[in-house]
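Below, each chain spelled out in residue letters.
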Amino acid sequence: MAAHRLELTLSGPITPKDLFTRLAEAVSTLQEPLTHRWAFGEQEIAVQIWGAQESPYVGALEPGTDPVCEPVYTIDVICSKGTAVPWPGIHFAREDFGRNRRLDGWSNDCFESYALRPEKGLAVADKISRRAIVWLPSLDKVDPHERAAPFRWLAESIAGSLGQGVLHCAAIGQADRAVLITGRGGIGKSTLALTALGAGWSYFGDDYVLVASEPEPRCFRLYRSAKWVTNGLALPEWISRDDGISVDPKNRKRMIFLDKQSPALAKRESAVTMLLRPRIDPALTRPEIAPANPRKLVMDAVISTVAQSDAAHAPIFAPLSDMARRLPCREIGLSPDLSANLQLLGDNLDEAA
Amino acid sequence: MTQSFRLNTEKFASQSFEDEVIVLDATDGTYYALTGNAPEAWAALIASCPIDVVSSAIAARTGASEDQVAADLKVFASAMVAETVLLSNEADATNDAPTDLSQGRPTYEGFVWDKHSDLDELLLLDPIHEVNPEKGWPHIG
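The listed protein sequences derive, respectively, from chains A and B.
For the first sequence, the numbering used here begins at 1 and goes up steadily by one.
For the second sequence, the numbering used here begins at 1 and goes up steadily by one.
These are computed hints drawn from the structure, not numbers from a lab.
Values in this document were obtained by computation on a predicted structure and should not be read as measured data.
There are no misleading hints in this set.
For each label pair, taking beta carbons as the anchor points, the in silico distance ranges come out as:
1. A:Ala-352 - B:Asp-28: 32 to 40 Å
2. B:Thr-2 - A:Asp-176: 49 to 57 Å
3. B:Asp-114 - A:Pro-282: 29 to 37 Å
4. B:Glu-10 - A:Ala-266: 38 to 46 Å
Below 25 Å or equal to it, Euclidean Cα-Cα: the simulated DSS-like pairs (lysine-lysine) are:
5. B:Lys-11 - B:Lys-74
6. B:Lys-135 - A:Lys-17
7. B:Lys-115 - A:Lys-296
8. B:Lys-11 - A:Lys-127
9. A:Lys-141 - A:Lys-250
10. A:Lys-120 - A:Lys-250
11. A:Lys-120 - A:Lys-17
12. A:Lys-141 - B:Lys-135
13. B:Lys-115 - B:Lys-74
14. A:Lys-120 - A:Lys-141
15. A:Lys-120 - A:Lys-81
16. A:Lys-81 - B:Lys-135
17. B:Lys-11 - A:Lys-296
18. A:Lys-120 - B:Lys-135
19. A:Lys-81 - A:Lys-141
20. B:Lys-11 - B:Lys-115
21. A:Lys-17 - A:Lys-127
Beta carbons: idealized from backbone N, C-alpha and C, even for Gly.
Kindly produce the complete structure, drawing on both the sequences and the hints.
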């Protein structure tokens, strides 16, 4: 691969469009990207990585199945180390930053810019041409959270433009029935999802799931990764405390990429037939399940999604509220007996169907 | 001149849950829970129905004093305007089409709202703490 030295130093007042244009010009001089297809609901996203021999994203992205279909969106990732495309010569001031990664001062109706802080990188998304360009100093420094759920910060905006949403939840199922497990971090979403994964249930995600409410509620897997905390309620037998890689040492969180042959990955989408809010109660000897207040369930899910959101407007409120009005909402008290938790959930999923 | 309002859709979205309406600030997760007679008034208000039409209908249905309902609804609407949830319409933007206000609580309980701001504890990232006031972000090389 030829190395390019491209002068991107900008002078005078520049706009997000200028920034995008310069980066697009840089991409147009490069050759031979690594390419992925990322299944995004019923659509696919093309991911092109420039200047790398290996992709840090391939393990987690749900692979597409139709390499010749027109992608709904394109993401170009420039590895500066491999392409010699330098940082675009700008620095962001404090007032440019919004909440989380979004650079409000470098975003407008057509373009959204993001500061990828752990990697010291930058992304600019053009909503009109449906293309994002990511500049990273090196792919070696991609953050473990980003490896587990690549481009999640961009996925929310793309999903919103398609009338869908990326919900902070886990989703598991049997046959063509799935349950969305919602709520704030640490209340048992991953514990339940990992137990289901080991028991051969379908697995659609443990943290971020694409959901659509029309024409019927459905969920779609975006990522083939799973995370857990090593000091949680209990750990399913199929996983050991040292498996995978550490993504958050402070909170003892680890992550694995799922085996491509796992039967849990056989289906990548499902009808949603129940919304569930777990709570961990080590004092329970047997799990218990009861109707949940739809409003509380929705707001817990929406607030935890907004907290981690980079979209200007979390597009999840309406579709999730719609689901809560149409589907049974339940709260499950999880006991340390993981298989009993799953058995009770399975029985209720059958009843709800 | 009668007043009317519209939802500030740049920031807010609302959803109904049985006897409650939730109004979410989708930019920061703050939300407002509307209860009492506020949910039945809400749909009419954000449809730009004149505020006096709304208060008259609720008073007629519940048997409450029309003056009391009108005064309470004005306070409620003013509070929502102060929170930037509602925006005041220009006079010619009022929706004069009939709005169905026949459904709602049979008794008058007032227009109750509570504000919830429990997002801060959940915020995981603080991207601006690495911004150098002099050099900006990032610091390369």
